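Asks: So the chains spell out like this:
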Amino acid sequence: MNFKISERTLEAGQIVLDISGEVDVLTAPLLKDAIIGQVTKGASQIIINLEAVDYLDSTGLGTLIGGLKRTREAKTRLSIAGMNSRIRRLFDITGIDKIFVIHDTVADAVAYAEENV
Amino acid sequence: MSSKPDKVTITLPCRPEYVGVVRLALLGVASRLPFSYDEVEDLRLAVGEACTYAVERAGTIDATLTVLIELDENGLEIHVTDDVPQDTPKRVSAQDTDLLAETGIDQEGLGALLMEILVDKVEIVPSPSGTTVHLTKLAPKQST
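Here the protein sequences come in this chain order: A and B. Just so we're aligned: the first sequence equals residues 6 to 122 in the working numbering. Just so we're aligned: the second sequence equals residues 40 to 183 in the working numbering.
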């Protein structure tokens, strides 16, 4: 039941939220707060790094969708990187892979952002 | 294993911090059957969704969650029962319904959809005094 979020700023100003552990009904609100916090601070781009997430359920999916809505309203770009194959499968079977910008790694997300300024 | 199913019952507060406890217990019980890693993970997620469904409906009321796991060589039957009255006011957790609607489902629907996909059978039985979610996962056929 470990869960951690750490926030870092890359050279070009992108915010990376490194998430680890389990995202569920207990911890999803913390992820939501972190996204909203960054949007409020005026982040232009947020990359959510799920590389160290080993469990994510429907509340986690709902939180990411909610986060996407907030970021769209604020004209902040949001992308998701590093999800394992099981979590990727959840995105695919629920169809929500279609509404997100998804990258294999944070480096890919950064490269994509730089090419699509 | 005898032909009569082994039964494991867990009773715990119907609150977010206990959903992980059920997932852990399920992991232990499911490992007694020859499920693959992915199948056990599917079960863990499905039982987590069943508990989350109860926890979200309970909101701030004082409710209890009872999880009964029945296990025999045919597979697992999991019954997740809460005592959340049907008329409990909905806690507004997702004000993001319009965006969820883009995907054609709502938050509650997302959990239900996952359960449908992850196990062999799902049945949600509401009653005025509470709801039970029944999940069935068949054991893999043993090759002899």
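Each hint should be verified, as a subset may be incorrect.
Covered stretches of chain B (chain A as the covering partner; in silico rule of three or more C-beta atoms under 8 Å from a C-beta of chain A) [as the list claims (entries may be wrong)]:
(1) 52 to 59
(2) 101 to 107
Facing chain A, according to a computed beta carbon distance under 8 Å, are these residues of chain B, among others [as the list claims (entries may be wrong)]:
(3) 79
(4) 80
(5) 91
(6) 94
(7) 95
(8) 98
(9) 146
(10) 149
(11) 152
(12) 156
With a straight-line Cα cutoff of 27 Å, these simulated BS3-like cross-link-like pairs (lysine-lysine) come out [as the list claims (entries may be wrong)]:
(13) A/74 <-> A/103
(14) B/46 <-> A/74
(15) A/46 <-> A/74
(16) B/129 <-> B/46
(17) A/37 <-> B/129
(18) A/74 <-> A/9
Don't read these hints as lab results, they were simulated from the structure. None of these values were measured; they are calculated from a predicted model. From the three backbone atoms N, C-alpha and C, an ideal C-beta is built for every residue, glycine too.
Asks: The structure should be examined with respect to each hint, and the outcome stated for every one.
Replies: Here is what the structure says about each hint:
Closer than 8 Å: that is the beta-carbon criterion, and the segment 52 to 59 of chain B has 4 residues meeting it against chain A, so the requirement of 3 holds. Counting residues of the segment 101 to 107 of chain B whose CB falls under 8 Å from any CB of chain A gives 0; the rule of at least 3 is not met. At a threshold of 8 Å, the smallest CB-CB gap from residue 79 of chain B to chain A is about 11 Å, leaving the interface hint violated. Contact between residue 80 of chain B and chain A, as hinted, is supported at the beta carbon level, the nearest pair being about 6 Å apart and thus within 8 Å.
With a least beta-carbon distance of about 5 Å to chain A, the hint placing residue 91 of chain B at the interface is held under the 8 Å criterion. The beta carbon of residue 94 of chain B is positioned within 8 Å of a beta carbon in chain A (closest approach about 5 Å), and the interface hint is therefore held. Given hint, residue 95 of chain B at the interface with chain A, holds; its Cβ is 7 Å from that chain's nearest Cβ, closer than 8 Å. Hint status for residue 98 of chain B relative to chain A: violated, with the closest Cβ pair at about 12 Å, above 8 Å.
For residue 146 of chain B, the suggested interface contact is upheld, since its CB lies about 5 Å from the closest CB of chain A, less than 8 Å. The interface hint given for residue 149 of chain B is met, as the beta carbon of that residue sits about 4 Å from the closest beta carbon of chain A, less than 8 Å. Taking 8 Å as the C-beta contact cut-off toward chain A, the hint placing residue 152 of chain B at the interface holds, the least distance being around 6 Å. Here the hint on residue 156 of chain B is kept, as its CB sits about 6 Å from the closest CB of chain A, short of 8 Å.
Taken as a hint, the residue 74 of chain A and residue 103 of chain A pair is honoured in the structure, with Cα atoms around 14 Å apart against an allowance of 27 Å. Under the criterion of a C-alpha separation no larger than 27 Å, the hint pairing residue 46 of chain B with residue 74 of chain A is inconsistent with the structure, at around 44 Å. In summary, the hint linking residue 46 of chain A to residue 74 of chain A is supported, as the alpha carbons are separated by about 16 Å, within the 27 Å threshold. Annotation: proposed proximity of residue 129 of chain B to residue 46 of chain B is violated, straight-line Cα distance about 33 Å (limit 27 Å).
A C-alpha spacing of about 20 Å is found between residue 37 of chain A and residue 129 of chain B, which places the hinted pair at or below 27 Å, so the restraint holds. With a C-alpha separation of about 23 Å, the suggested pairing of residue 74 of chain A with residue 9 of chain A holds against the 27 Å cut-off.
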